[in-house]
Each structure stands twice: as C-alpha cells, then as structure tokens.
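Participant: Listed below are the residues making up each chain.
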Amino acid sequence: MTVIGWLQIILFCLIIVALTKPLGWYMTRVFNGETTFLSPVLRPIEAGIYWISGVDEKREQHWLTYTVAMLLFHVGGFLIIYAVMRLQAVLPFNPAGQTAVAEDLSFNTAISFITNTNWQNYGGESTISYLVQMLGLTHQNFLSAATGIALAVALIRGFSRASVRTVGNFWVDVTRCTLYVLLPICVVYTLFLVWQGMPQTLGDYVEATTLEGAKQTIAVGPVASQVAIKMLGTNGGGFFNANAAHPFENPTALSNFVQMLSIFALGAALTNVFGRMVGNQRQGWAILAVMGVLFIAGVAVTYWAEASGTSTLQALGLTGGNMEGKEVRFGIVASSLFAVITTAASCGAVNAMHDSFTALGGMIPLINIELGEIVVGGVGAGMYGMLLFVILAIFVAGLMVGRTPEYVGKKIEAREVKMAMLAILVLPLMILGWTAVGVVYPAAVASMANAGPHGFTEVLYAYTSGTGNNGSAFAGLTGNTFFYNLTLASAMFVGRFFMIVPAMAIAGSLAEKKSIPPSMGTFPTTGGLFVGLVVGVILIMGGLTFFPALALGPIVEHLAMNASQLF
Amino acid sequence: MLREIRPAIVLLLVLTAITGLAYPLAMTGIAGAIFPAKAQGSLIEKDGKVIGSALIGQEFRDDKYFHGRPSATLAPDPSDSSKTIPAPYNAANSGGSNLGPTSKALADRLKEDVDRLKAENPDAAVPVDLVTTSASGLDPDISPEAAQFQVPRVAKARKMSEESLKRLVAASTEGRLLGLLGEPRVNVLALNLALDRASAK
Numbered sequence: 001m002t003v004i005g006w007l008q009i010i011l012f013c014l015i016i017v018a019l020t021k022p023l024g025w026y027m028t029r030v031f032n033g034e035t036t037f038l039s040p041v042l043r044p045i046e047a048g049i050y051w052i053s054g055v056d057e058k059r060e061q062h063w064l065t066y067t068v069a070m071l072l073f074h075v076g077g078f079l080i081i082y083a084v085m086r087l088q089a090v091l092p093f094n095p096a097g098q099t100a101v102a103e104d105l106s107f108n109t110a111i112s113f114i115t116n117t118n119w120q121n122y123g124g125e126s127t128i129s130y131l132v133q134m135l136g137l138t139h140q141n142f143l144s145a146a147t148g149i150a151l152a153v154a155l156i157r158g159f160s161r162a163s164v165r166t167v168g169n170f171w172v173d174v175t176r177c178t179l180y181v182l183l184p185i186c187v188v189y190t191l192f193l194v195w196q197g198m199p200q201t202l203g204d205y206v207e208a209t210t211l212e213g214a215k216q217t218i219a220v221g222p223v224a225s226q227v228a229i230k231m232l233g234t235n236g237g238g239f240f241n242a243n244a245a246h247p248f249e250n251p252t253a254l255s256n257f258v259q260m261l262s263i264f265a266l267g268a269a270l271t272n273v274f275g276r277m278v279g280n281q282r283q284g285w286a287i288l289a290v291m292g293v294l295f296i297a298g299v300a301v302t303y304w305a306e307a308s309g310t311s312t313l314q315a316l317g318l319t320g321g322n323m324e325g326k327e328v329r330f331g332i333v334a335s336s337l338f339a340v341i342t343t344a345a346s347c348g349a350v351n352a353m354h355d356s357f358t359a360l361g362g363m364i365p366l367i368n369i370e371l372g373e374i375v376v377g378g379v380g381a382g383m384y385g386m387l388l389f390v391i392l393a394i395f396v397a398g399l400m401v402g403r404t405p406e407y408v409g410k411k412i413e414a415r416e417v418k419m420a421m422l423a424i425l426v427l428p429l430m431i432l433g434w435t436a437v438g439v440v441y442p443a444a445v446a447s448m449a450n451a452g453p454h455g456f457t458e459v460l461y462a463y464t465s466g467t468g469n470n471g472s473a474f475a476g477l478t479g480n481t482f483f484y485n486l487t488l489a490s491a492m493f494v495g496r497f498f499m500i501v502p503a504m505a506i507a508g509s510l511a512e513k514k515s516i517p518p519s520m521g522t523f524p525t526t527g528g529l530f531v532g533l534v535v536g537v538i539l540i541m542g543g544l545t546f547f548p549a550l551a552l553g554p555i556v557e558h559l560a561m562n563a564s565q566l567f
Numbered sequence: 001m002l003r004e005i006r007p008a009i010v011l012l013l014v015l016t017a018i019t020g021l022a023y024p025l026a027m028t029g030i031a032g033a034i035f036p037a038k039a040q041g042s043l044i045e046k047d048g049k050v051i052g053s054a055l056i057g058q059e060f061r062d063d064k065y066f067h068g069r070p071s072a073t074l075a076p077d078p079s080d081s082s083k084t085i086p087a088p089y090n091a092a093n094s095g096g097s098n099l100g101p102t103s104k105a106l107a108d109r110l111k112e113d114v115d116r117l118k119a120e121n122p123d124a125a126v127p128v129d130l131v132t133t134s135a136s137g138l139d140p141d142i143s144p145e146a147a148q149f150q151v152p153r154v155a156k157a158r159k160m161s162e163e164s165l166k167r168l169v170a171a172s173t174e175g176r177l178l179g180l181l182g183e184p185r186v187n188v189l190a191l192n193l194a195l196d197r198a199s200a201k
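Those protein sequences? They're chains L and R, same order as listed.
Going by the UniProt record's numbering, the first residue of the first sequence is number 1, and it counts up by one from there.
Going by the UniProt record's numbering, the first residue of the second sequence is number 1, and it counts up by one from there.
Everything labelled a hint here was simulated from the structure, so no lab data went into it.
If you're wondering where the values come from, they're calculated on a predicted model, not measured in any experiment.
Incorrect hints may appear among the rest.
[Claimed, not checked] A few chain R residues facing chain L, derived, Cβ under 8 angstroms:
1) Leu2
2) Thr133
3) Met160
[As the list claims (entries may be wrong)] Quick look at which bits of chain R chain L covers, simulated, 3 or more residues with Cβ under 8 angstroms:
4) 79-89
5) 148-155
6) 184-194
[Claimed, not checked] Dumping the calculated DSBU-like pairs for lysine-lysine here, alpha-carbon to alpha-carbon at most 35 angstroms:
7) R:Lys104 / R:Lys83
8) L:Lys411 / R:Lys104
9) L:Lys215 / R:Lys104
Quick reminder that beta carbons are idealized off the backbone N, C-alpha and C, glycines included.
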C-alpha cells in the first residue's frame with residue numbers, strides 16, 4: 001500500500017460526500033414535483049408523455065397499485081429485450097452480422113437487465129448487435145435504474161407521510177427520474193467519456209494491420225452512451241466482454257475515477273433525499289455514516305490483500321502486488337477500490353478480473369453483495385435495502401429497552417419487522433440454496449474454471465451476484481450454459497422482486513400510520529450509537545448467514561495459499 | 001388495476017424510444033461532430049492504412065520492438081467452432097485469464113515466463129506486469145520498469161545505444177494525472193512507433 005494509493009481513496013470519499021447534499025436537494029425537488037432549472041425544457045415533454053400514455057399525474061396510487069404498475073412495466077421491458085435479441089439478425093444496426101441469440105441466453109439476459117443485475121453471460125462485442133446494445137440494454141439500464149429510485153422514494157414517502165393510503169404515482173416517478181435526473185447527467189457524461197477516448201459510432205468493426213503485419217479486428221460501437229447510464233444507474237452490464245477493464249470502455253485514469261464516482265453518486269444522494277423528506281437531514285447523514293464505515297473497512301482489506309500479492313508471485317520474486325487480471329493504467333489501488341465500490345453498490349461493472357484477485361481481496365466483494373449491497377447500494381435498491389436493516393436494528397434496540405421501537409416518527413410493529421425479515425431471508429435462500437445445487441450437479445461442476453476452493457467460490461460468487469442483482473462475476477465460470485442461464489435467472493428474479501414487494505408493503509403500512517413526535521424515551525437515530533448498532537446488526541446477520549460458506553471458499557483458499565498449496 | 005395497462009404499454013414504448021434510440025443516436029451524432037477521431041476509436045493510420053488504435057494493445061513478438069503484456073484473449077477454433085484457441089490481443093473478444101491465486105496453471109505459466117525473461121535480461125528484476133495477463137487482454141500499456149527491462153534486448157536487435165533507448169522510454173512515459181490519479185505507464189504502440197521513427201533517422 002502507498003500514500004498515493006490512500007490519497008486516491010480519500011479523494012474519492014470526499015467528493016462523494018460533497019456531492020451528496022446538492023444532488024439530494026435536486027432529487028428531492030424532482031420527486032416532490034417542484035420546478036427545477038431544467039423544467040422550461042423538460043416540462044412540455046413530460047406533460048406530453050403523460051397525455052399520450054393516459055397518466056393522470058395528480059392521481060396517487062396505493063402501494064399495491066404502485067407495485068403492480070412496476071411489475072407490468074417490467075413484463076413489457078422483458079419482452080422488448082427478448083424480442084430484439086432473438087431477432088437481431090434481421091434488424092438494422094448490425095454491422096458485425098451477429099446471428100440470433102439463443103433462447104436460454106436471451107431469457108437470462110432479459111431477466112438480467114430488467115432486474116438491474118446486468119450479469120453478462122453474453123459476450124458483448126462477440127454476441128450482440130448495436131441495436132440490442134441500444135434498444136435492449138441501454139434503454140433498460142435507464143428504466144431499471146429509474147424503477148429502483150422510484151421504489152426507494154416510495155418507501156421514503158412511507159416514512160415521511162402520515163395517515164394516508166398512497167405512496168406516490170409509479171408512472172410519474174419513473175418518468176421524472178428518467179427525464180430530470182438520469183438523461184441530463186448522461187448527456188454530459190457521454191461527451192466527457194468520448195473526450196476521454198471512448199468510441200461512439202455506428203460504424204463497422206475496424207480492420208487494422210498491426211505494426212508487425214498481423215490482422216487485428218477492433219470492435220467499436222455506440223459505447224459511451226451505454227457506459228454513462230451503465231455506471232450512473234449502477235447497472236454494470238458491459239458493452240464489451242471485459243467490461244470497464246476494456247480500454248475502450250475505460251480509457252484513462254480520469255475516466256476510471258469519474259466512473260467510480262458515478263456509481264456511488266445517486267445512491268449516496270438518496271440518503272440525503274431521505275433526510276430531507278423526513279424533515280431532518282441528520283437522519284440521512286447517519287445512514288451514510290453506516291455505509292461509510294463498512295465501505296472503508298472493505299477497501300482497506302482488499303487494497304492490502306491485492307498489494308501483498310500471492311505466494312506464487314512472491315516465490316518468483318515478483319513484487320508490486322497481484323497484477324494478474326489487472327490493467328497497468330489502473331494498477332493495484334484503482335482496481336481494488338473499483339472492486340469494492342462496484343459490489344458495495346449493485347453495479348457489477350469491473351475494471352479488473354475478480355476471479356484473479358487474491359483469496360481475501362476477492363472475498364470482500366463477495367461479502368459486500370451478501371450483506372445486501374446496502375453500502376450505498378444500487379440506485380434505490382441500496383436505500384430500501386438499508387432501510388430494512390434499519391428497521392431490524394431499531395427492533396433489536398426496542399427489545400433491549402422494552403419499548404415499542406420507533407423510527408423517524410413511525411412506530412415499527414410486527415408487520416414491518418416480518419416484511420423486513422422476509423426480504424432479508426430471500427438472499428441466503430437463493431445464494432446458498434443454488435450454490436449447494438451448483439457444486440454437486442455434474443453439468444454445473446463442469447463450468448468451473450479453477451480447481452479446489454476457488455472453483456467453489458466461483459459458483460458461490462455467481463449466485464451471490466445474481467441474487468444481489470450485482471452482475472459482477474468470477475468470470476472464469478462458464479455461465480452461458482442451459483443450467484446457469486436458467487438458475488441464475490431465477491436467482492436474479494427472486495432476489496429483485498421478493499425484496500421489492502415486502503419493501504413496498506412496508507411503505508404502504510408506514511404511510512397509513514400516524515406520526516408521533518419524539519419523546520424522552522425515543523432512541524435517537526442520528527448519533528454514533530445508532531450508527532454502531534446498525535453496523536453491528538448488518539455484520540451479525542451477514543456473518544451468521546454466510547460465514548460457513550465463506551470458510552469453504554476464500555478463507556480456506558487463503559490458508560492453502562499461505563501453505564503454498566496449488567490446485 | 002386495469003387503468004394501469006395503457007401506461008404500462010404506451011409509457012414503456014415512449015421511454016424506450018427516448019432512451020434506447022433518440023438518446024444513443026443523438027449522442028452518436030454530437031460526439032462524432034465534436035470529437036470525430038475519438039468517437040471512431042482513436043485509430044492510428046500510417047501511409048493511409050489503419051495500423052491499430054492508440055487505446056488498444058497489439059501483439060509484438062519481434063526482438064526489435066518493445067513487447068506488451070501477455071494476453072489471455074481467445075478466438076473460435078477454425079477447425080471446431082465449439083472450441084476456442086488462444087489468440088493474443090484479439091480486439092473482437094476481450095477477456096482475462098480468470099486464473100485464481102492458487103491456480104497451478106497460473107503458477108506454471110508465471111514460472112516459464114519469468115525464466116525466459118531472466119535469461120533475456122539477468123541484470124534486472126522481472127517486472128510483475130510483464131508476466132501477468134491484463135483484465136481485458138488488450139492492455140495498451142506497460143509500466144516504465146517493464147519498458148526499461150526490455151531496453152538491452154531492443155538495443156541489441158536494432159544496434160542502437162541503450163542510452164538513446166532509455167531516453168526514448170522516458171520521453172514516452174506518462175505520469176499520474178495531477179500527480180495523483182492512475183499509475184505511470186508507457187503506451188507500447190506509441191513507443192514502438194517512436195522507435196521506428198528514431199531508427200529511420
């Protein structure tokens with residue numbers, strides 16, 4: 001580890017904290033339906049969209065209607081992606097002549113993108129056309145991100161409102177999020193990325209004759225417009241197979257730094273939106289502090305592990321850390337930081353191959369996802385995931401002192417705690433359940449690229465990433481098989497929607513409750529004690545659930561590595 | 001519930017048209033107008049022919065060129081399309097080796113490469129980036145140490161002085177942005193083009 005390395009990490013954290021308040025202010029205005037500086041341009045478009053699609057923007061929805069609207073929206077999104085992938089051979093914008101994508105891979109990819117997972121069983125430049133990249137993937141990057149944010153806002157409204165039956169209008173929230181938040185940022189961001197060297201073209205793949213006379217086919221495409229929303233919306237599905245490690249998808253140290261910032265920006269800002277909507281910004285800062293503690297701890301471990309290298313490298317006298325599967329322009333620190341960020345949020349973009357990380361360095365991304373990606377988290381998903389843990393922590397605190405727990409003026413009762421537990425238990429069910437199948441079913445075992453405990457970790461990581469809607473991978477695992485296409489799709493689907501529906505039930509139940517003013521007996525939720533309590537609950541829940549699996553994978557591999565045992 | 005059906009279809013189609021077609025196509029037009037060379041992929045031409053991209057690594061095997069990092073990219077096997085064969089720096093199929101820290105295959109590959117490089121230049125420590133594969137398999141850069149390490153071999157093959165080559169490497173080295181972000185690096189293709197120009201003089 002170096003001083004310059006840590007300075008890069010500190011600079012990153014400072015900028016995120018600095019962005020949280022202004023972005024939170026802006027997003028609060030957007031979701032409260034107030035005018036913004038973009039309204040003169042966007043308001044007519046927005047009104048036109050409501051008119052043509054028959055949306056009454058003044059009419060709010062019950063939580064159940066809101067949820068059904070969200071689900072209907074996803075059915076349509078699924079059909080569009082599936083259709084364009086199956087039909088890409090006969091559709092335009094296909095200069096590389098890609099043929100129709102297989103049924104199981106199209107199914108997996110469609111589920112993957114509507115759930116904001118963006119797991120890549122497809123090969124980007126080698127499998128799909130420009131039209132699929134734009135109409136299938138770029139569009140769903142926007143809409144799944146907008147959906148996540150809309151749901152988080154609906155849950156926040158549950159806390160901030162009192163004695164009402166509605167939590168907002170899904171169509172209005174999604175439209176406003178797309179038009180006022182995501183699109184304007186992406187337009188500027190795309191131009192920045194092209195300036196850094198990212199291609200944005202509909203032209204053919206380039207045929208080059210290298211300096212030594214060999215032929216090289218260079219894949220290009222409308223990369224920048226896709227990458228902008230891929231990062232901002234914490235989607236993470238790459239234009240290219242190598243994702244953000246590809247020099248066209250992440251050309252410079254600066255493009256890398258800004259990409260990392262854009263993964264966290266909206267998720268962090270949502271903590272401030274929460275604070276503003278419940279009337280006390282310190283409530284938001286307390287949540288960001290919980291996230292910050294877990295984040296810094298993760299970065300420290302991964303950076304240390306990658307900088308230390310492996311016993312294989314040390315035995316050969318190779319110093320400078322574990323550079324297998326990393327790019328020179330990012331080096332150890334920017335690769336480690338990126339890995340922790342992308343899994344803390346549910347982004348899943350990678351600028352280094354997690355499969356080649358050291359055992360402990362690769363364990364942190366795994367833990368980040370298993371804890372529910374609540375460290376900033378996916379846009380929206382991180383916020384409602386974190387609020388579920390807050391509900392549990394408040395419940396635990398209430399048990400300790402024997403009072404009905406309350407949070408930001410709302411009593412937390414049996415219904416909320418049951419729903420929170422339901423959402424949280426989905427994670428281990430899908431992750432551990434499918435991993436158990438994956439390590440014994442012969443066709444699944446054949447997909448492992450590495451032997452020994454590392455092979456186990458590859459399978460564990462795949463289902464963890466799928467269930468957590470992350471999308472990063474220990475990419476050695478051959479995921480494009482019938483077994484993995486279907487089982488991962490089920491993990492992604494259940495991981496997304498079986499978390500959303502209980503969270504929305506909580507939103508509805510909270511909105512109907514009366515708001516009670518804080519009293520002497522109210523547990524203060526803006527201080528260090530609260531932060532420590534939530535961190536503790538998250539770690540205990542995650543630790544008890546996943547430690548045995550981690551012991552079989554990365555932990556035993558670390559011990560084997562120290563004993564110089566190879567597989 | 002029924003009145004949610006119409007928005008579910010129409011709103012989806014409208015937003016799809018905006019974000020999936022209007023946005024990427026408009027950005028393609030604007031980016032192409034403002035940054036034409038970069039939007040096309042930062043291509044380098046020599047005598048009217050494209051010889052590669054400034055951002056994409058290419059394979060160098062000749063002793064008279066500086067070599068990039070090992071690449072783990074693959075291509076379909078021409079004799080059996082269900083299999084793949086190694087194809088270093090295949091810019092139409094990016095990817096890494098994905099070998100883990102306790103992989104025997106990785107350990108064997110590293111040992112072989114380290115032994116070969118030690119034989120080539122016994123005086124310097126082998127730089128780690130010169131024996132490890134990159135994440136994309138298309139890494140255009142090597143570390144300044146990895147470039148300096150190859151100076152004796154290139155000098156011998158080109159019959160140039162080591163001093164002049166070291167100066168060339170130093171001139172081709174890019175530092176950290178603002179002294180802080182990223183890592184010092186040398187773009188291999190740019191260095192080799194500069195090398196060809198220097199030899200031609």
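Participant: All the hints need checking, so say for each whether the structure fits it.
Facilitator: Results of checking the hints against the structure:
1. Leu2: Hint violated; Leu2 (chain R) Cβ to chain L Cβ min 11 angstroms, cut 8 angstroms.
2. Thr133: Holds, because the Cβ-Cβ distance from Thr133 (chain R) to chain L comes to roughly 6 angstroms (cut-off 8 angstroms).
3. Met160: violated, 17 angstroms
4. 79-89: Result for this restraint: violated, n = 1.
5. 148-155: violated (count 0)
6. 184-194: holds (count 4)
7. R:Lys104 / R:Lys83: Holds, at roughly 22 angstroms.
8. L:Lys411 / R:Lys104: violated, 57 angstroms
9. L:Lys215 / R:Lys104: holds, 32 angstroms
In terms of the numbered hints stated before, the structure departs from hints 1, 3, 4, 5, 8, listed from lowest to highest.
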